[in-house]
Amino acid sequence: MSVIGADWEMVIGLEIHVRLDTNSKLFSGMKASYGASPNSQVSFLDAGLPGTLPVINQKALDYAIRFGLSVDADIPDVTVFARKNYFYPDLPKGYQISQMDDPIVGKGHLVITTEDGEKTIEITRAHLEEDAGKSIHDKYDQFSAIDLNRAGTPLIEVVSEPQMSNAKEAVAYMREIYTRVTHLGICDGNLQEGSFRCDANVSVRRAGETELGTRAEIKNLNSFRFIEKAINHEARRQVQILESGGTVTQETRLYDADKDQTRSMRSKENANDYRYFPDPDQLPIRITAEMISAQKSRMPEFPDAKVRRFVAELGLKKDDAELIAHDQAMAAFFESSQQASQAKADLNAKFLLGEFSALLNVQGAVIADSRILPEAYAGLLDAMADGTISRKVAKQVLDEMWGTGQSAAQVIKDQGLGQISDASALTGLIKKLLEDNPDQVASYRGGNEKMFNFFVGQIMKQTKGQANPVQTKQLLEEFLNE
Amino acid sequence: MSINRKELEEIATLAQLHIPEQQVSQITDSLNQVMGMIEHINGAQTSGVEPMAHPHEGWQQWREDVVTDQSHKTALLKLAAHADEDHYLVPKVIE
Amino acid sequence: MINLSIRQMADMLTTKQISVQELNGVYHDRARQFNDRTNALISVYEELCAREVMQAQDLLGKAAHPLAGIPLIHKDLFCTRGQTTTCGSNMLEHFIPPYDATVVSRLSAAGMITHGKANMDEFAMGSSNEHSAYGPVANPWDLSRVPGGSSGGSAAAVAARMTPVATGTDTGGSIRQPAALCGITGIKPSYGRVSRYGMVAFASSLDQGGVLAPAADDCGLVLSAMSGHDPLDSTSARRPGWAWQKPESADLTGVKVGVIQDWVDGLQDEAIKQLTLQAIETLKAQGASLIDIHLPHADLAVSAYYVLAPAECSSNLSRFDGVRFGHQTAQAQNLEDLYRRSRSEGFGEEVKRRIMIGTWALSSGYYDAYYLKAQKIRRLISDDFRQAFDQCHVLACPVSPELAFKHGEKADGVSMYQADQFTIPASLAGLPCLSMPIGHAAGLPVGLQLIGRYYDEQSILAVADQYQQLTRHHLQVPEAFL
Chain A
1 MSVIGADWEM VIGLEIHVRL DTNSKLFSGM KASYGASPNS QVSFLDAGLP
51 GTLPVINQKA LDYAIRFGLS VDADIPDVTV FARKNYFYPD LPKGYQISQM
101 DDPIVGKGHL VITTEDGEKT IEITRAHLEE DAGKSIHDKY DQFSAIDLNR
151 AGTPLIEVVS EPQMSNAKEA VAYMREIYTR VTHLGICDGN LQEGSFRCDA
201 NVSVRRAGET ELGTRAEIKN LNSFRFIEKA INHEARRQVQ ILESGGTVTQ
251 ETRLYDADKD QTRSMRSKEN ANDYRYFPDP DQLPIRITAE MISAQKSRMP
301 EFPDAKVRRF VAELGLKKDD AELIAHDQAM AAFFESSQQA SQAKADLNAK
351 FLLGEFSALL NVQGAVIADS RILPEAYAGL LDAMADGTIS RKVAKQVLDE
401 MWGTGQSAAQ VIKDQGLGQI SDASALTGLI KKLLEDNPDQ VASYRGGNEK
451 MFNFFVGQIM KQTKGQANPV QTKQLLEEFL NE
Chain B
1001 MSINRKELEE IATLAQLHIP EQQVSQITDS LNQVMGMIEH INGAQTSGVE
1051 PMAHPHEGWQ QWREDVVTDQ SHKTALLKLA AHADEDHYLV PKVIE
Chain C
2001 MINLSIRQMA DMLTTKQISV QELNGVYHDR ARQFNDRTNA LISVYEELCA
2051 REVMQAQDLL GKAAHPLAGI PLIHKDLFCT RGQTTTCGSN MLEHFIPPYD
2101 ATVVSRLSAA GMITHGKANM DEFAMGSSNE HSAYGPVANP WDLSRVPGGS
2151 SGGSAAAVAA RMTPVATGTD TGGSIRQPAA LCGITGIKPS YGRVSRYGMV
2201 AFASSLDQGG VLAPAADDCG LVLSAMSGHD PLDSTSARRP GWAWQKPESA
2251 DLTGVKVGVI QDWVDGLQDE AIKQLTLQAI ETLKAQGASL IDIHLPHADL
2301 AVSAYYVLAP AECSSNLSRF DGVRFGHQTA QAQNLEDLYR RSRSEGFGEE
2351 VKRRIMIGTW ALSSGYYDAY YLKAQKIRRL ISDDFRQAFD QCHVLACPVS
2401 PELAFKHGEK ADGVSMYQAD QFTIPASLAG LPCLSMPIGH AAGLPVGLQL
2451 IGRYYDEQSI LAVADQYQQL TRHHLQVPEA FL
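Chains A, B and C, in that order, give the protein sequences.
Per our numbering, the first sequence runs over residues 1 to 482.
Per our numbering, the second sequence runs over residues 1001 to 1095.
Per our numbering, the third sequence runs over residues 2001 to 2482.
Bound-form chain A, shown alone (with noise of 0.2 angstroms):
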């Protein structure tokens, strides 16, 4: 078999459904939560029952066009809902809502990286559209069971070009408009519950030729492993059909992760004339300058620009500032943590990274619900630039506040950690010791400098550790060597 990148070449577009984040349905007043008991979430129209009709959810329009401005996308003045007939028992009207000839977002394009560097890759549009039900096919032999919670929740779908040209761009750009909508606030990003997820059209092509072969989709692929795994095996699929004198038959396929292959949907084989037209339910809706406006105040600062702004203004350094920036939750807890605190950056990304990711691994936590605030952690952070405690000590201090909700200052008081700095009750300490030891003084004072670190023992053993050792090391070397 030939080799895909030499003799062939692979051509993918994505079209990535995002479930957004809203309280109720599209078109419904009806609660759009995951993990509902099965159809306790359906209201009339959900069912398609006659006499019901749609009402669009602002909300949803509202995240359609924050999706579109983050990718740069022209937002049109009237956007128009369509019916996509045909008839499946999760589809209750025997119609999608979705969208045709106006969608919502127009095209756009983002940036990936890629082992050759960066890409463009561009999309083609993004509209709105419901969700359907779940068909359930192991409940019984003979019977599908349906759950109709889903049907109704809304969605974008995402279009891409088809200009990626391995499963690896595939999963970069899936990850670059992850990255987004999470970032945006308007998916909740839950990859196991479906709120993001894929079809895929694959072909292949010879090296150098122009003209698109035959494309399969591949539908709902759910992970950024998944997705990487069923475009390599349908590529070679399709490179095996060729070579050995076949057609590629532009169908549905399923892919299978547990025996990595790909097969034909059976079910979606007849649903090929949609017979889209106008939603007559609904009127066409204007998109005004206000509200898009409202919605680029609301764009958030992506990670790319947060690296560029942790590495400039806070002096992080870029591997740092790179997974902190990358993780929404942690870049949130950083900064508002750094607002409260007047320890260095530096000093709040590393222990944050370090030992603070430690812990949270530990707990089995996310930094999104730690039992410890960024205020809290603020003043760990300061107690550890103003010498009170050491790194070491902030540790300690760490795992108490997690345990009992205190503040670090509290523990610090409470276990008595916190460093002696203050010069006058060092400056006792020593010049008794120096006192009481005047023959071990003579010998430093002699020439014998091993002597000097005796003294830093001794006062940290008096001190149980707890005497600032810069402190304690100047303070020596000021009375030894008077």
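Incorrect hints may have been included.
[As the list claims (entries may be wrong)] Here chain C is said to cover these stretches of chain B; the calculated rule only asks that three of the stretch's residues, wherever they fall, bring their Cβ under 8 angstroms from a Cβ of chain C:
1. 1031-1040
2. 1043-1057
3. 1063-1075
4. 1080-1093
FYI, nobody ran anything at the bench for these hints, they're computed from the structure.
Cβ coordinates follow ideal geometry from the N, Cα and C atoms, glycine included.
Start from chain A and add chains B and C according to the hints.
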């Protein structure tokens, strides 16, 4: 414009209607009769005319993203010809 | 008693000359007594709803409530909570909606008392009421003849005074044509005036609920209570409420009536033509000035309508798949079989024919040539009306080119469709229009159509009321039903 038997089959498939063999020619004739009448629009001069999807001159209105409805599970499943306590049931679908 | 106007009945109820029970008892008895002969009603409620009676009595004790205690019949495609709603179809033989249509809840809130549900052409498709799964309706003026359709049951019930008023729906003439054939007044308001929520859809961009009653004044009172914005129907007009104002005199001075002269001239039935000319002369004698109006694109209306209405219907009726409600076949082998058989058993021939026409018109290859073309013609017709209304306040024209015909006289098909030629144009343009009785030919009623400017129900009802102040055609009751 007129349709033949094959096209009738395609329409029936899209519309999910069952057409018994003995009715095929009668239905084809009756559809062709209507299509003949519809043909009339072909003569009209419509270049440059904006299609009118709706008589309403306004723009779409929307609602706030607020949950206003509650579960109707029992009432809904009671309407179905075939359901268990949680789901609608249909003959098994092979994907 | 049976020829009292709603105002007169309301007056008697308020002054306690008659009780709510007595008034409703009269109509309850008449509905039961005459339904054998007319088959106008699909369901006749055994008992009056106690809640409605109490509410009516409550309202009568307070301020002016012109509709409190007035009997009412709903066309059987308005969903009535807890009461079977069949749409004249086997598909919905046992369908009991868990919700009320907005029209139903508004009239109920106004204190009206529902006596039953009116027969109709299946899913409102037909002009003779012969396409009902519950049998044809007889025209009270001649039981061997049709009452018109699709609101034939509503019209016959009012004509036989089985109810003083009934709701109807009009997509291409379904209120006006049966009103004309049964010798009563029927109004289809402007598109958007009345909420479509809970009104089972035939063609969403054309359907409007309206009223059938003996007199224009009755229609105006009930229509006022039905009207107004409904948050559940986003195509319902967000306009201030409208309340019918009955004119004080019959003087039409200053009113410009546009006469669609070529429609009148083209009437084949000489008797209808003479009555139409007479009625227009009467308007002139009342002071109206007459203007000759020509609608250049109106002859395309029927063809365009039979593309657009079936297209919308083919999609609207996809929800009837036998799964969540409605008829399900007893002999399904698999899912597709279940869909096909349930739908074919549940729908009648005319409905299936329109579904197939609409499916075809929307299918790929025909969409532009038929659906889009028909929408353009719709625009041309709408523009024709706009120009006409630059010259006049209301338009006058025939309703039906023929008198009520005999049952079975018209074979299925195009000949019946042509009967809608005078009613369809105003439907396409979304304009308010009504039919009022103007006399009898060969013992059968004839109507005159009045069409108004968008949202100007007041003018057409006023002209009709002023005509009815001087004439008694609307008060004629067939002898057998006195």
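Going down the list of hints, with the structure as the test:
{"no.": "1", "hint": "1031-1040", "verdict": "holds (count 9)"}
{"no.": "2", "hint": "1043-1057", "verdict": "holds (count 11)"}
{"no.": "3", "hint": "1063-1075", "verdict": "holds (count 3)"}
{"no.": "4", "hint": "1080-1093", "verdict": "holds (count 8)"}
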